[in-house]
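Enquirer: All chains, please: the whole structure from these sequences, using the hints.
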Amino acid sequence: MSRLDLTNGKVEMAHGGGGRAMAQLISQLFARAFDNEWLAQGNDQAQLSLPAGRLAFASDSHVVSPLFFPGGDIGSLAVHGTLNDLAMCGARPHALSVGFILEEGFPLSELARIVESMAQASREANVPIVTGDTKVVERGKGDGVFINTSGVGIVPEGLDLSGDRARPGDCILLSGSVGDHGACILTQRESLGFAADIRSDSCALHRLTQAMVAQVPQLRCMRDPTRGGLANTLNELAQQSGVGMQLEEAAIPVIQPVQAVCELLGLDPLYLANEGKLVAICPPEQAPELLALMRAHPQGKSAAIIGTVTADPQQFVQLRTRFGGNRLLDWLNSEPLPRIC
Amino acid sequence: MKYVDVFRDAKLAHQLAQHIHQQADPERHYRLMEFCGGHTHAVFRYGLPALLPDNVELVHGPGCPVCVLPVTRLEQALELSRLPEVILCSYGDMLRVPAGKGQSLLKARADGADIRMLYSPLEALTLAQQHPERQVVFFAIGFETTTPPTAVLIQRADEMGISNLSVLCNHVLTPAAMHAILTPSEGEATAIDGFIGPAHVSTVIGSEAYAPFPRQFGKPVVIAGFEPLDLLQAISMLVGQLNRHEARVENQFSWAVTPGGNPKARALVEQVFERRDSFEWRGLGEVPASALKIRPEYARYDAEQRFELSAPRAREHPACECPAVLRGQKRPDQCRLFGTPCTPDNPLGACMVSSEGACAAWYRYNRGRIAMQERE
Chain A
0 MSRLDLTNGK
10 VEMAHGGGGR
20 AMAQLISQLF
30 ARAFDNEWLA
40 QGNDQAQLSL
50 PAGRLAFASD
60 SHVVSPLFFP
70 GGDIGSLAVH
80 GTLNDLAMCG
90 ARPHALSVGF
100 ILEEGFPLSE
110 LARIVESMAQ
120 ASREANVPIV
130 TGDTKVVERG
140 KGDGVFINTS
150 GVGIVPEGLD
160 LSGDRARPGD
170 CILLSGSVGD
180 HGACILTQRE
190 SLGFAADIRS
200 DSCALHRLTQ
210 AMVAQVPQLR
220 CMRDPTRGGL
230 ANTLNELAQQ
240 SGVGMQLEEA
250 AIPVIQPVQA
260 VCELLGLDPL
270 YLANEGKLVA
280 ICPPEQAPEL
290 LALMRAHPQG
300 KSAAIIGTVT
310 ADPQQFVQLR
320 TRFGGNRLLD
330 WLNSEPLPRI
340 C
Chain B
0 MKYVDVFRDA
10 KLAHQLAQHI
20 HQQADPERHY
30 RLMEFCGGHT
40 HAVFRYGLPA
50 LLPDNVELVH
60 GPGCPVCVLP
70 VTRLEQALEL
80 SRLPEVILCS
90 YGDMLRVPAG
100 KGQSLLKARA
110 DGADIRMLYS
120 PLEALTLAQQ
130 HPERQVVFFA
140 IGFETTTPPT
150 AVLIQRADEM
160 GISNLSVLCN
170 HVLTPAAMHA
180 ILTPSEGEAT
190 AIDGFIGPAH
200 VSTVIGSEAY
210 APFPRQFGKP
220 VVIAGFEPLD
230 LLQAISMLVG
240 QLNRHEARVE
250 NQFSWAVTPG
260 GNPKARALVE
270 QVFERRDSFE
280 WRGLGEVPAS
290 ALKIRPEYAR
300 YDAEQRFELS
310 APRAREHPAC
320 ECPAVLRGQK
330 RPDQCRLFGT
340 PCTPDNPLGA
350 CMVSSEGACA
360 AWYRYNRGRI
370 AMQERE
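Residue numbers (numbering that gives the first Met the number 0), protein chains in the order written: chain A, 0 to 340; chain B, 0 to 375.
By construction, these hints were calculated from the structure, which means they are not laboratory data.
Just so we're clear, the structure is a prediction, and the values are computed from it rather than from any experiment.
All residues carry an ideal CB built from backbone N, CA and C; glycine is no exception.
Honestly, I wouldn't trust all of these hints.
Unchecked claim - Here are a few chain A residues that sit away from chain B, every Cβ distance over 10 Å (derived from the structure):
hint, residue
1, Met12
2, Gly16
3, Trp37
4, Ser58
5, Asp142
6, Leu158
7, Thr320
8, Gly323
9, Gly324
10, Arg326
11, Asp329
Said to hold, decoys possible - Some, not all, of what chain A presents toward chain B, calculated at C-beta under 10 Å:
hint, residue
12, Ile25
13, Gln27
14, Phe29
15, Arg188
16, Leu264
17, Gly265
18, Asp267
19, Gln313
20, Phe315
21, Arg321
22, Trp330
Expert: Laid out in structure tokens, this is it:
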């Protein structure tokens with residue numbers, strides 16, 4: 000089989016056609032980068048031996064633009080995204096699948112960068128990518144690369160975390176600063192021409208969550224505030240649990256460059272996406288212990304208790320501002336847009 | 000963030016609020032209009048009404064460019080977007096504004112029209128270069144703040160000899176709208192006692208632009224920045240003037256606004272645009288000399304001249320009270336559509352669309368406050 004030109008080559012329709020070109024792409028790029036015993040078997044599925052416990056299963060599709068950004072790229076993001084969805088129920092992630100939708104004409108060199116980045120993220124997380132799929136769409140019908148990742152993990156016996164378990168009086172904890180990923184992506188969009196030094200917070204959180212559930216099994220729920228940001232995530236949890244929430248703006252960490260970008264564009268960091276943060280809700284008695292544990296972990300260094308769960312049939316999430324006022328932190332009703340003037 | 004934090008000092012804010020409580024004459028009611036949507040947003044974001052005495056009322060004005068654009072102009076943009084050769088582009092908020100029959104630019108896009116969201120008008124130039132076989136139309140809206148960038152777009156296109164770009168110009172003028180608000184129509188009294196003057200707009204047009212309002216209508220104007228302390232200080236200055244029976248233009252935002260504004264921006268606008276005889280505003284109706292059109296020397300960049308546009312007489316929702324809200328005659332919650340069925344997810348009126356719109360700001364921030372009061 001001839002060599003794939005990973006320097007100057009482009010994705011062609013044949014790379015998704017099921018023939019020699021596709022076999023070449025899989026063996027010379029994907030299987031080589033992801034390299035594990037399941038892929039090496041060359042079957043259409045991976046057969047996994049799983050430990051005892053409940054199976055957690057999650058899927059996430061990634062369509063980010065630009066594909067490469069400070070702190071990550073669509074490849075590592077696709078790995079972290081699904082790992083974090085599994086981690087939020089306390090599951091130990093076991094294996095991932097990947098589905099690529101490639102646009103005809105996409106440079107193979109960039110695809111190789113993305114695949115290498117996925118492979119590295121999967122190695123660092125110690126969770127293999129065991130099966131996958133590739134499709135190619137005609138030029139103009141995609142946006143370079145779309146990636147779907149799915150994953151399975153095992154929830155230990157006796158652990159039950161769910162978004163409907165928050166109770167009035169519970170404490171709300173956040174693992175670190177908000178808005179880093181969303182602000183990073185915004186500043187990277189060509190048209191804005193910003194030079195802000197903001198890195199995406201994209202990372203896998205399963206080691207942090209495993210430490211949390213091991214030490215504080217009374218945890219009610221965890222969720223990673225991705226699209227829609229912290230505000231939407233808390234509204235989701237409030238609705239699922241039928242409760243309200245009272246937050247303290249001053250307690251919510253926001254790094255200065257993110258704050259500055261938000262001021263300039265008229266955006267609220269509480270609505271910007273995060274890819275390496277989590278919200279946890281626990282009974283008040285456990286909050287100090289959980290906070291200390293999170294702060295001792297590299298991914299929870301800036302963790303904070305940001306508010307409490309309240310009894311509120313209207314399920315409002317309220318924010319006590321730094322200024323001393325109180326305001327509603329409502330659901331996002333569309334994509335955050337910079338103000339016109 | 001020192002440059003912002005100093006304007007958000009809670010202790011100073013409470014002192015200023017206390018001062019306003021002392022100033023406000025319990026025998027009278029002060030109705031102060033913040034013309035600008037940015038102010039409306041800040042008023043709610045920082046919860047300022049709760050800090051003010053009950054008889055100092057903030058009234059939300061028409062200063063949101065999305066809210067004041069009449070449906071007719073939006074229908075024209077929709078008409079353009081349906082032409083197969085056209086790429087229509089505009090600012091994000093504009094895409095969600097409801098037109099007739101439940102249409103909007105976003106819905107038209109879902110139906111197949113090529114509609115793009117821009118962050119800056121100059122992106123339209125890039126689009127025109129990338130698609131020489133298409134016609135790129137920039138649906139330009141906004142007050143004096145967004146007009147200079149549109150002028151730059153037209154001049155740049157002219158210098159570069161780009162022929163497949165044009166602008167559907169809907170730039171409007173703040174002082175003309177303030178004039179319309181202060182000129183009561185038959186049987187209706189002017190609803191406000193003074194203006195909190197716009198911040199960004201004033202950096203362009205300068206404080207002198209507001210001189211006619213105190214002189215002609217006896218209404219004070221205090222230009223204010225967007226931070227909570229700016230606003231509280233401006234409110235205090237307005238209450239002070241009203242107590243002394245004065246009516247002057249004062250400039251609270253003095254580090255950014257000069258009497259003459261920004262001469263470079265004004266000259267640029269003057270080169271490219273001229274006044275229209277009249278322009279329709281949502282809520283205010285036809286207002287003479289209240290908007291700009293492209294000068295004849297740049298006519299080849301004028302979408303109104305390049306394309307044959309019909310002028311559909313579209314109608315807004317019959318029960319929508321946006322006009323009265325924009326004139327300061329009604330509060331958003333006094334509209335019977337407010338909350339249900341008109342919400343930010345399903346806006347029936349323009350004021351519910353933009354985050355700077357009075358109804359959207361009320362919906363977003365006030366429901367919680369009302370719930371809190373009920374709880375207390």
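Enquirer: Given Gln313(A) as an interface hint, is its Cβ closer than 10 Å to any Cβ of chain B?
Expert: It holds, given that the least Cβ distance between Gln313(A) and chain B is near 6 Å, below 10 Å.
Enquirer: Given Trp330(A) was flagged as interface, is its beta-carbon under 10 Å from a beta-carbon of chain B?
Expert: 8 Å, holds
Enquirer: Checking hints one by one. Is Arg321(A) an interface residue toward chain B, by the C-beta closer than 10 Å rule?
Expert: At about 6 Å, which falls below the 10 Å cut-off, the nearest Cβ of chain B leaves the hint on Arg321(A) intact, so it holds.
Enquirer: Is it correct that the beta-carbon of Arg326(A) has no partner in chain B closer than or equal to 10 Å?
Expert: 5 Å, violated
Enquirer: Please confirm whether Gly16(A) is truly not at the interface, meaning its C-beta sits more than 10 Å away from all C-beta atoms of chain B.
Expert: The claim holds: Gly16(A) sits with its nearest Cβ about 29 Å from chain B, beyond 10 Å.
Enquirer: Is the Cβ of Ser58(A) farther than 10 Å from every Cβ of chain B?
Expert: It holds; Ser58(A) is separated from chain B by about 25 Å at its closest Cβ, greater than 10 Å.
Enquirer: Just checking, Leu158(A) versus chain B, shortest CB gap more than 10 Å?
Expert: Holds, because the least Cβ-Cβ distance between Leu158(A) and chain B comes to about 34 Å, which exceeds 10 Å.
Enquirer: Would the non-interface assignment of Asp329(A) survive a Cβ cutoff of 10 Å against chain B?
Expert: Given that some Cβ of chain B is not farther than 10 Å from that of Asp329(A), nearest at about 5 Å, it is violated.
Enquirer: If you take the shortest Cβ to Cβ gap from Asp267(A) to chain B, is it below 10 Å?
Expert: 9 Å, holds
Enquirer: Non-interface claim for Thr320(A): all C-beta distances to chain B beyond 10 Å?
Expert: 6 Å, violated
Enquirer: Does Gly323(A) really sit off the interface, with its C-beta more than 10 Å from all C-beta atoms of chain B?
Expert: 5 Å, violated
Enquirer: Can the hint on Phe315(A) be confirmed by a CB-to-CB distance to chain B that is less than 10 Å?
Expert: 5 Å, holds
In summary, the structure is inconsistent with hints 7, 8, 9, 10, 11, 12, 13 and 14 from the numbered list given earlier, while agreeing with the others.
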